[in-house]
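There are 2 protein chains.
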Amino acid sequence: MTEFQAKEMEEQEEQIENEAEDNKEAEDSAPAEEQTGQSEVNEETLRNKEEEIKKLQEEQDELKNRLLRVQADYENYKRRTNEEKIKERKFRAQSLVEEILPVLDNFKRALDVQIESEEAKSLKQGMDMVYRQLTDAMEKEGVKEIEAVGKPFDPHLHQAVMQVENDEYEPNTVVEVLQAGYSLNDRVVRPAMVKVNS
Amino acid sequence: MTEFQAKEMEEQEEQIENEAEDNKEAEDSAPAEEQTGQSEVNEETLRNKEEEIKKLQEEQDELKNRLLRVQADYENYKRRTNEEKIKERKFRAQSLVEEILPVLDNFKRALDVQIESEEAKSLKQGMDMVYRQLTDAMEKEGVKEIEAVGKPFDPHLHQAVMQVENDEYEPNTVVEVLQAGYSLNDRVVRPAMVKVNS
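Going line by line, the protein sequences match chains A and B. The first sequence: position 43 = 1339 (our numbering), numbered continuously. The second sequence: position 149 = 1445 (our numbering), numbered continuously.
By construction, these hints were calculated from the structure, which means they are not laboratory data. Check the hints yourself; a few may be wrong.
As the list makes no split between identical chains, a pair holds if one copy fits it or if it spans any two.
Listed below are the simulated BS3-like cross-link pairs for lysine-lysine, each with C-alpha atoms no more than 27 Å apart in a straight line [as the list claims (entries may be wrong)]: (1) Lys-1491 to Lys-1447; (2) Lys-1381 to Lys-1436; (3) Lys-1447 to Lys-1404; (4) Lys-1351 to Lys-1381; (5) Lys-1440 to Lys-1386; (6) Lys-1404 to Lys-1440; (7) Lys-1440 to Lys-1491; (8) Lys-1420 to Lys-1404; (9) Lys-1447 to Lys-1436; (10) Lys-1345 to Lys-1383; (11) Lys-1383 to Lys-1436; (12) Lys-1381 to Lys-1345; (13) Lys-1404 to Lys-1417; (14) Lys-1420 to Lys-1381; (15) Lys-1350 to Lys-1417; (16) Lys-1404 to Lys-1491; (17) Lys-1381 to Lys-1491; (18) Lys-1404 to Lys-1436.
If we strip away everything but chain A, and leave its shape as in the complex, we get (with noise of 0.2 Å):
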C-alpha cells in the first residue's frame, strides 16, 4: 500500500513537471505571435488569449483543490500516526507481559507448597517477596491480576471451566480461581479461568 501510494505520488510529481514544461512551451511561443506585428491585432488574436487565460485559471483551480486535497491527506496521516503512537505505548509491554504470565503461574504454585523446616521458611520468605517485587514490576506498566472470587461470572473477564453447586456464593458468581487472569492497562491479556456456582 505504502509503495503503491509512493508510486502514486512520482507520477504526481512528474505530471507537474511535465506541465511545468508545457508552460515554458507556451512562453516561449507567445513572443512569436508577438513579433507577427501590431497589424494583426485582431479579435482571433484576443479570443485566443482569453482562451489561454481560461484555461490557465481552469489548471490553477485544479492545482489549489490537488494542493488542498495532499495537505489534507497529510493532516490525516499525521492525526492517525499519533493516535497509533499512543496506542502502542500504552500496550508497549504487551508482548513481554504474555511472556511473563506462565513464569507467575508457576511462580505461585512453588510458593503455595506446605513447609516446615527453618531453612525452608526463610528461603520461602525471600522468594515471596521476590514474587510480590515481580508484580508490582509488572503493575507499573499497567498490569492487573482480574478480580474473580465472589464476583459475578463476566465471560469477558472469567473464562468458566467447572460449574459447582456451592451454598456460601451466589448463583453465577466466581467461586475459585484454577488460574489467575491478566489485564494490561484495562485490556484483558488472558481471562481467570474460574469455577463458577450454578
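We have chain A; now place chain B onto it with these hints.
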C-alpha cells in the same frame, strides 16, 4: 512543533482559498472588458491580456512548487514515522525490563544461599526453574545478560567499581561481576558492575 506545522498548513490553506477568490474576481471582471465593444480591441487590451497570462503562469509555477514541496514533506514524514515505528517496536519492552532487573538481582541473591535440608533443596529447585523461565521470557523479547568475566574491560558494557590484582587474568580484564548487566536488542539497559584486573 506539530502544532506549529498544523498552524502553518492552516494558513497555507487559507491563502489558497483567498487566491481562489482573487481568481474568481479576475474571471468576473473579464466579461466587463468584453462589453466595451469590439472596436476597442487595441494594443493595450492585448498587452493587459498578455500580462494576465504571464501573472497566471507565474502563479501556476509557484503553486506547482508548493505542491511538490508539500508532497516531499509528506513523503519525508512517512519515512521518518516508519523508521521511528520500527525502532519503538524494537525497544518497546525497555520500560518493563528496567522494572524487572532489580527483581532478577534479588532473585539471584535469594537463590545464592547455601542450603542443607531436603525440603529447602526441593523448594530451591522449583525456584531455580522459575528463575530460568523468567530470564527465558525476557530473552525472547531481546534481553541478554552482558558477558563480563574473563572479557576485556569495556566502558560501554562494564562499570568498574573495584580494581584488583589477580595473576590468573590478563590486565584490564573483568575478574568478577558484582551486579549483572543487561542489554535489550543490543542496546545496553544497565552495564555490569565489575571488578577489573589492574
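Hints violated by the structure (numbers, ascending): 4, 10, 12, 14, 15 and 17
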